[in-house]
Amino acid sequence: MPSLDGPGIIGLDIGSRSIELVLLEGTQVVYQAKLPTTFDPLAQCRRLLEGLPPARIVATGYGRKLLLENLKHHRVTAITEIQAYASGAHHLYPGVRTVLDIGGQDTKAISLSEAGKVAKFEMNDRCAAGTGKFLEFMATALQVPLEDFGGFALTADRRIQINSMCTVFAESEATSLMARGERPANIALGLHLAIVQRTLAMLRRVGVVAPVLFAGGVAHNPCVQTMLEEHLGMPVIVPDQPDLVGALGAALHGGRSRRPTQTETAAAS
Amino acid sequence: MPTPYDKMWNELNLDLAAHEGLLQVLGKFYGDIYLTQEGRLKGMEYLDFVLSEVHGLRIKELQEAKAQGKKVIGTFCVFVPEELSLAADAIQVGLCAGAEIGKEAAEKVLPRNTCALIKSFVGFKIARLCPYIESCDLVVGETTCDGKKKAYEIFADYAPVYVMEIPQMKQACDRDLWKAEIMRFKAELERVTGNTITAARLKEAIKLVNARRAVLQRLNRLRAVAPAPISGRDALLINQISFYDDPVRFTQKIGELCDELEQKIKAGQGVAPAATPRLMLSGCPMAVPNWKLPFVVESSGAVIVGEESCIGARNTRDLVDESGDTLEAMLEAIALRYMRIDCACFTPNTERLEHIVDMARDLKADGVIHYGLSFCQPYAIEAFKVEKALTAAGIPMLSIETDYSMEDVEQLKTRVEAFVEMLHLG
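Respectively, the protein sequence lines represent chains B and Z.
So that you can map any letter, position 19 of the first sequence is 19 in the working numbering, and since no number is skipped, the others follow by simple counting.
So that you can map any letter, position 76 of the second sequence is 76 in the working numbering, and since no number is skipped, the others follow by simple counting.
Chain B extracted, bound-state conformation (with noise of 0.2 Å):
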């Protein structure tokens, strides 16, 4: 295992259900790949770092515990997503003051000061209703390819009300308009207009300014950019790779100046 550090800096954000990796030196990404987080995250974790030069690794996402235990050999710290999601926004799009990140489990909407700090944030409790997993129960339940779910929605020639949020509930009334003979891409653009209903409540509480930025895994959905954009009257922007975010930012986070983090201040335990 290499323990000297290189020139580079590594981003990972163990997700929920992809762990992006990126490879920074300065600020330029010389390297980047994914993979799917499975059951074993520290696996998938050795297999992404696996042949990269020594150097030290920013973890962010639900997993960042789990590297900084088990990664001995490396220096690893540790940012929450939100941070990390601040500042890549903030780096691919400096003048942004409010960045959207839905994930596979998480949403959370983020505020930032002109100078592209966390100003406020809000984040969904113990509940994944309105996040990717969401969508992909859903996709599932209509049998539409999850990458295609956003397009399919897209083809509704009706808008109708889905009025539950939770994933179980939302799917028995899926299933009972299905029964009523209702288009699946009907259904599906109710189902995408929920997610998008619970998301602006929460990017209201932060208070939107424009320009706002959408990423994490969800932010692939067209349907979900399209429908916000109509809510918030103002277009959503849209990195090319959403749900690289979080990993340049962690790694952007480690490259400057060495301010201790929550994992290396000593915490009143």
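Do not take every clue at face value.
[Unchecked claim] Have a look at the derived ranges for each label pair, beta carbon to beta carbon:
#1 B:Glu-25 x Z:Ala-18: 56 to 62 Å
#2 Z:Gly-39 x B:Asn-70: 58 to 64 Å
#3 B:Asn-70 x Z:Gly-56: 55 to 61 Å
#4 Z:Ala-17 x B:Leu-66: 45 to 51 Å
#5 B:Leu-66 x Z:Leu-35: 22 to 28 Å
#6 B:Gln-28 x Z:Asp-358: 32 to 38 Å
Because the hints were derived from the structure by calculation, they are not lab data.
Just so you know, these numbers come straight off a predicted model, no measurement behind them.
C-beta atoms are modelled at their ideal positions from N, C-alpha and C, and glycine is treated no differently.
For this one, chain B is given, so just place chain Z on it according to the hints.
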């Protein structure tokens, strides 16, 4: 495993097997959250001991007192005037309601969407897990919120319940109502204990309870120093134990602990480096053994420097005026003191907003975490006003709503860590 207390617990009609399970969980929890702390105060040994004997030695003391004819009064709220219970020669204990263990039992008689604190005290009783409830000759409820108010009706099927009406506004007529409630409670205590509350006894009781509040005020003032001389967990524990320990002994022990804190402060020693972000908690009470959020916060690189809560400053901020000599003057002073409590059950409740901002400034808090129990409407709604007041004062706030379960700990960690990062990097 047999313990010297099994006979006592059996006589108190506890479910011994389930109770042993509770003590094991509590012991493990305490070990993980408390005993792992480094550089703790020597004075905390007393609190470790008291907590390790929470259902043992203290219950034995209560039984011995009962054998001599003393009565035990249980409470769930800082509105119940302990001065009166002590003046009637009774022992008052705050019943804890901070564990999830009786939840299933409670959900047989309460709706699921009831706050964790209410479910806890009902569950403790129905599942026969709490030797304090079982020792009580009277359990005093109050009408602070609809959930508690209605739950006491159900609780009354299982325990000797007496309910005090807490006004919800602070007008002259509300003060009259509260004064009348104090008189009614006095009469009830005299009935239950068979003792008459005299001016001399009440004067003594007022001094005793004031002394305990004063020592906790002293503790809170010492926490304004950076580096923080005591962890938030330990300070919370001290406040929690103040509700059931013997008041004379407790006051003396915490006085000694404060002396030790002063030594540490003089030596510039703290539990965390001076640059550690300082957070204040505000909102719902955290009853024993609800240490979930403090542990998450202090494992995220921050230190807690104050609790704006019923198990914290709300219970200790005001003293009863000691100048009165007649029974009437003292009862009036008690009524006035308790009407100053800034519980979210009052409308309007602007003094709480002022207290939070002042307290955060006095304690040099970098941020405030507002803690609401799920389904606690008064605090959930007031959180919006608190945030507005703090924002105006330039103090960031994070609003958390949670309960006693552990299922959301990871999400809580992410939010708390992000808040600490924000304060650190901002």
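Each hint, compared with the structure:
1. B:Glu-25 x Z:Ala-18: 56 to 62 Å: holds, 60 Å
2. Z:Gly-39 x B:Asn-70: 58 to 64 Å: violated, 28 Å
3. B:Asn-70 x Z:Gly-56: 55 to 61 Å: For Gly-56 (chain Z) against Asn-70 (chain B), whose Cβ atoms are near 40 Å apart, the range 55 to 61 Å is violated.
4. Z:Ala-17 x B:Leu-66: 45 to 51 Å: violated, 36 Å
5. B:Leu-66 x Z:Leu-35: 22 to 28 Å: At roughly 25 Å between Cβ atoms, Leu-35 (chain Z) and Leu-66 (chain B) fall inside 22 to 28 Å, so the hint holds.
6. B:Gln-28 x Z:Asp-358: 32 to 38 Å: Cβ of Gln-28 (chain B) to Cβ of Asp-358 (chain Z): about 50 Å, so the range 32 to 38 Å is violated.
Hint violations for this structure: numbers 2, 3, 4 and 6, all remaining hints satisfied.
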